[in-house]
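Quick note on numbering: the sequence shown equals residues 0 to 228 in numbering that gives the first Met the number 0.
Since the hints were derived computationally from the structure, they do not count as laboratory data.
Do not rely on the hints blindly, as some may be mistaken.
[Unchecked claim] Taking lysine to any residue pairs in the SDA-like style, the calculated list, with each CA pair at most 25 Å apart, reads:
hint	residue 1	residue 2
1	Lys104	Gly84
2	Lys205	Ala181
3	Lys210	Leu138
4	Lys205	His118
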Amino acid sequence: MKSFDLGGEIVWRPSPELIAQSNLMRFMQAHGLHSLEELQARSTTDIEWFWEAVLRELDIRFRRPYARVVDLARGIAWPEWCVGGVMNIVDNCLDKYAGTPTDAKAAVVWEGEEGQARHLSYAELGREVNRMANALRGLGLGKGDAVGVFMPMTPEIVVAMLAIIKIGGIFLPLFSGFGPQAIVSRLTDAYAKALFTADACSRRGKDVFLKPVADEAAAQLPSLCHVIV
Numbered sequence: 000m001k002s003f004d005l006g007g008e009i010v011w012r013p014s015p016e017l018i019a020q021s022n023l024m025r026f027m028q029a030h031g032l033h034s035l036e037e038l039q040a041r042s043t044t045d046i047e048w049f050w051e052a053v054l055r056e057l058d059i060r061f062r063r064p065y066a067r068v069v070d071l072a073r074g075i076a077w078p079e080w081c082v083g084g085v086m087n088i089v090d091n092c093l094d095k096y097a098g099t100p101t102d103a104k105a106a107v108v109w110e111g112e113e114g115q116a117r118h119l120s121y122a123e124l125g126r127e128v129n130r131m132a133n134a135l136r137g138l139g140l141g142k143g144d145a146v147g148v149f150m151p152m153t154p155e156i157v158v159a160m161l162a163i164i165k166i167g168g169i170f171l172p173l174f175s176g177f178g179p180q181a182i183v184s185r186l187t188d189a190y191a192k193a194l195f196t197a198d199a200c201s202r203r204g205k206d207v208f209l210k211p212v213a214d215e216a217a218a219q220l221p222s223l224c225h226v227i228v
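Hey, can you work out the whole structure from these sequences and the hints?
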C-alpha cells in the first residue's frame with residue numbers, strides 16, 4: 000500500500016472514541032476489516048464487492064434491481080454500473096424517509112442576506128415536491144424533458160429541482176445573474192420545454208429582477224412551452 004506525504008503539520012487527530020463511533024469504522028467492522036489500509040486494498044482489488052457493499056450501507060434503493068453492480072467486459076475504462084437497474088434519486092433523497100422519524104428532521108435550512116431563516120422538514124419538503132411534480136405532469140412534462148431553473152437560492156429552488164427529477168425530467172440550473180442571451184443559448188441547446196423563475200431577488204443588498212430577463216429570453220425560445228413563476 001502506497002502512502003503519500005501531503006506535507007505540513009497534522010493539526011487534528013480524532014480520538015479513539017470518535018473513531019470507534021464513525022460510519023467508516025462501522026462499515027469496516029461489518030465486513031471484517033481491521034485497518035484502513037485493508038479496506039483501501041480490498042476496495043481496489045475487488046471493485047464489485049466494494050460498491051455492492053457501499054450501495055447497501057447507504058441504503059440506495061432501486062425501482063428495478065440491477066443484475067450486476069458493475070460490468071467491466073469492455074475494460075476498466077468503460078465500466079457499466081448497476082446493469083439493468085432503474086432508480087430515481089428522489090426516492091433516495093426524500094421519499095424513502097416518508098413515515099419514518101426522519102420526516103420530522105430538517106431537510107432544508109435557509110438563511111437570507113438579512114438574517115431571515117426558513118426551515119423545511121423532510122415531510123414538508125416531500126409534500127411540496129409532490130405538489131410541484133403533479134403540477135408539472137399536469138402541464139404535460141415528463142421523462143426526458145429539460146426544464147430550466149432561473150431562480151435565487153431559496154427553498155423553492157430545492158422544490159423545483161427535486162420535482163423536475165421526480166418526473167424524470169432534466170434539471171438545468173441557470174445562474175441568477177445571467178442575461179437573456181446566456182439563458183437562450185443554454186435552453187436552446189437543451190431543447191428546454193419549461194423555465195422556472197422568480198419575480199426578483201436580493202443579492203449583496205441590491206434588488207435583482209429576474210422575471211423581465213426570463214420573459215425576454217422566453218420570447219426567443221420557440222421550444223419553450225411554459226414559464227413558471
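Quiz item: Does the alpha-carbon distance linking Lys104 and Gly84 stay inside the 25 Å limit?
Solution: At roughly 30 Å apart (the allowed maximum being 25 Å), Gly84 and Lys104 break the hint.
Practice problem: Would you check the hint for Lys205 and His118, treating anything up to 25 Å between C-alpha atoms as holding? | Solution: Answer holds: Lys205 to His118 is near 24 Å, not above 25 Å.
Quiz item: For the pair supplied as a hint, Lys205 and Ala181, is the alpha-carbon distance within the 25 Å limit?
Solution: holds, 21 Å
Quiz item: Does Leu138 lie within 25 Å of Lys210 when you go C-alpha to C-alpha?
Solution: holds, 20 Å
Going down the numbered hints, you'll see the structure goes against just number 1.
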